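Peer 1: Listed below are the residues making up each chain.
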Amino acid sequence: MTYTKRVDGRKIDELRPMEAKAGVVKNANGSASFKIGKTWAIAGVYGPREVVPRFMANPRHGILRCHYTMMPFSGSGERIKPGRSRRAQEISMVMEQALAPVIDLSAFPNSVVDIFVELPQTDAGTRCAAISAACIALADAGIPMKDMVSSVAVGQVDGMVVADLNYNEEAYPAIVSDIPVAMLHNTKEITLLQMDGEISKADLIKALELAKVATDKVYQLQVKALKEKYAVDNNEGKNDSQ
Amino acid sequence: MIVNKEAIAELAKENKRLDNRTLTEFRQPILIETNISWTAEGSARVQIGETVVMAGVKLSLEKPYNDTSDEGGIMVNAELSPIASPEFETGPPGIKAVELARVVDRGIREAKAIDLKKLCITPGEKAWFVIVDIIALNDGGNLLDVAGLAALAALKTAKFPVVDAETGAIDYKQKTDKSLPLTKEPLPITIYKVNGVLMVDPTNEEEKAYEARLTVGSDAKGTISALQKGGDMPLSIEEIGKMVDLALEKASFLRKELTKALKH
Chain A
1 MTYTKRVDGR KIDELRPMEA KAGVVKNANG SASFKIGKTW AIAGVYGPRE VVPRFMANPR
61 HGILRCHYTM MPFSGSGERI KPGRSRRAQE ISMVMEQALA PVIDLSAFPN SVVDIFVELP
121 QTDAGTRCAA ISAACIALAD AGIPMKDMVS SVAVGQVDGM VVADLNYNEE AYPAIVSDIP
181 VAMLHNTKEI TLLQMDGEIS KADLIKALEL AKVATDKVYQ LQVKALKEKY AVDNNEGKND
241 SQ
Chain B
1 MIVNKEAIAE LAKENKRLDN RTLTEFRQPI LIETNISWTA EGSARVQIGE TVVMAGVKLS
61 LEKPYNDTSD EGGIMVNAEL SPIASPEFET GPPGIKAVEL ARVVDRGIRE AKAIDLKKLC
121 ITPGEKAWFV IVDIIALNDG GNLLDVAGLA ALAALKTAKF PVVDAETGAI DYKQKTDKSL
181 PLTKEPLPIT IYKVNGVLMV DPTNEEEKAY EARLTVGSDA KGTISALQKG GDMPLSIEEI
241 GKMVDLALEK ASFLRKELTK ALKH
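Heads up: the protein sequence lines correspond to chains A and B, in order. FYI, our numbering numbers position 75 of the first sequence as 75, with every residue one higher than the one before it. FYI, our numbering numbers position 85 of the second sequence as 85, with every residue one higher than the one before it.
Just so you know, these hints were derived from the structure itself, not from any lab. Predicted model, so just to flag it, every value in this text is computed and none were measured. Hints are supplied without guarantee of correctness; some may be wrong.
Unchecked claim - List of simulated lysine-lysine pairs, DSS-like, C-alpha gap at most 25 Å:
no., chain 1, residue 1, chain 2, residue 2
1, A, Lys81, B, Lys221
2, B, Lys159, A, Lys35
3, A, Lys38, B, Lys184
4, B, Lys63, A, Lys81
5, B, Lys126, A, Lys81
6, A, Lys38, B, Lys159
7, A, Lys26, B, Lys96
To be verified - Short derived list, chain B residues pointing at chain A, Cβ under 10 Å:
no., residue
8, Thr39
9, Val52
10, Ala55
11, Val57
12, Lys58
13, Pro86
14, Ile131
15, Val132
16, Ile135
17, Leu137
18, Asn138
19, Asp139
20, Gln228
21, Gly230
22, Gly231
Note that CB positions come from ideal geometry on N, CA and C, so glycine has one too.
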């Protein structure tokens, strides 16, 4: 069995349908909802605010903390027990590292910017959706940023290099690799890179090139979501995105 | 948060509130969306005013408890995620989350709203267990009533997953068209006493200005299935009577909103 056509009929660089919205959590300083296929992430940013516990405070600059949480009913199998799993802890850490390079917290010593991401439903690509949502939320909160971070998984299914694998592709009975990537828009530098599965070096480079195209589509949507929230309503109502 | 307790208390005496509602009026909008999560057997997002809560139902097959070997079970859990309020912290549920979950749980359990015997497949061996998870997404006040409505909406729309006849394994990706054996529609409503008068559906500010509160869980017939008094001040029997009347009226109002939403 060779993989010649994607299970859901998409083109190799085609992402699942996406939706993004800024300003979805009233109490948060910034927030966003990001959907890709059946994966949904809601991010809320609080801060800069005082660090608790105090020993984490840095007198030179503010710190960034991410908290990734799958809702107990958001997995495609059994209920997920609440509480921070090893998986959630690791994802929270790589999220921080994916976002830290673009934000400048030098003006906020001894403070913290907390990002909470809740996922009501998932179908692969959750950490990428979490990062893409978090980045919109950071911008919505007015945190000083040098660039946008856009994230999507790329990978290889039985020799075919594709963008945005869904669960059925991740579970395809052949050699599969799943590579979540986060990319900075201006420099095309990579701030998140992980992989499950197996891949050749040639296919890895090909996949990372594909990530440029794929993350750019996410970027366009992130900017559109922010513009929609902050667009000034000039005479004619319709916004002018695209 | 800076709370103008005096202003809230004075206005309450004149049947007025900071947001121009009357004391017995719920906030608007009241939005109820169901099937918001494809991975849950049933789910809902409920918004009242600025308060937003999601609830999801998961089913599993377990061995019944020894003392109720011919029954399944139900459990309600709540997470007051720090995304919902600057006052919520990370970590295991605090007392506010525990109280909320237990009061919603009691309202459903004690009303016998779910026929637990119908959840049993093989006595002593296998029965369905229902877990409702409530996640606060934005705390604009009155989380408990909003959570109770979300939990009922999720239970009402839940469908059993397909079970493989040979292996007995659950295929969570496929749902049957069979609903839960829900026989009643219990809803919790909390009545607040502020400056001696009664108030419903408080904002976060109003929540910090009360003397006493009473949550009343009730079904469509007006049978009470859960009570929880809170706050540092006492309540008279007469006040409790008035609070129950108001709670039953408001439960019936929200039940109608739910019926309307499920028709669409």
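Peer 1: Confirm or reject each hint.
Peer 2: Hint check:
1. Taking the CA atoms of A/Lys81 and B/Lys221, the gap is near 35 Å; set against the 25 Å cutoff, the hint is violated.
2. Restraint check: the Cα-Cα separation between B/Lys159 and A/Lys35 comes to about 24 Å, which is no more than 25 Å; the hinted pair holds.
3. For the hint pairing A/Lys38 with B/Lys184, the CA-to-CA distance comes to about 32 Å; that exceeds 25 Å, so the pair is violated.
4. Among the hinted pairs, B/Lys63 with A/Lys81 is consistent with the structure: their alpha-carbon atoms are about 18 Å apart, no more than 25 Å.
5. Taking the CA atoms of B/Lys126 and A/Lys81, the gap is about 21 Å. The hint holds against a cut of 25 Å.
6. Under the criterion of a C-alpha separation no larger than 25 Å, the hint pairing A/Lys38 with B/Lys159 is consistent with the structure, at around 19 Å.
7. Taken as a hint, the A/Lys26 and B/Lys96 pair is honoured in the structure, with Cα atoms around 21 Å apart against an allowance of 25 Å.
8. Annotation: B/Thr39 was flagged as interfacial toward chain A, and the flag holds, the nearest CB pair being 5 Å apart, inside 10 Å.
9. Checking B/Val52 against chain A: minimum C-beta separation of about 8 Å stays under 10 Å; hint holds.
10. Taking 10 Å as the C-beta cut-off, the interface hint given for B/Ala55 holds, the closest approach to chain A being about 9 Å.
11. Evaluation of the B/Val57 hint against chain A yields a held restraint, the C-beta minimum of about 7 Å falling below 10 Å.
12. The criterion of a C-beta within 10 Å of any C-beta in chain A is met by B/Lys58, whose closest approach is roughly 4 Å, and the hint holds.
13. Interface hint status for B/Pro86: upheld, as the beta-carbon distance to the closest one in chain A is roughly 6 Å, under 10 Å.
14. This hint holds: B/Ile131 has a C-beta 6 Å from the nearest C-beta of chain A, less than the 10 Å allowed.
15. Given hint, B/Val132 at the interface with chain A, holds; its Cβ is 9 Å from that chain's nearest Cβ, closer than 10 Å.
16. Among the interface hints, the one on B/Ile135 holds; its C-beta lies about 5 Å from the nearest C-beta in chain A, closer than the 10 Å criterion.
17. Annotation: interface hint on B/Leu137 holds; nearest CB of chain A at approximately 6 Å, less than 10 Å.
18. For B/Asn138, the suggested interface contact is upheld, since its CB lies about 5 Å from the closest CB of chain A, less than 10 Å.
19. The restraint placing B/Asp139 at the interface with chain A holds, with a minimum CB-CB distance near 7 Å, inside the 10 Å limit.
20. Because the closest C-beta pair between B/Gln228 and chain A is about 22 Å apart, greater than 10 Å, the hint is violated.
21. For the restraint placing B/Gly230 at the interface with chain A, the shortest Cβ-Cβ distance is roughly 22 Å, beyond the 10 Å limit, so the hint is violated.
22. Checking B/Gly231 against chain A by beta carbon gives a least distance of about 23 Å; that is not within 10 Å, so the hint is violated.
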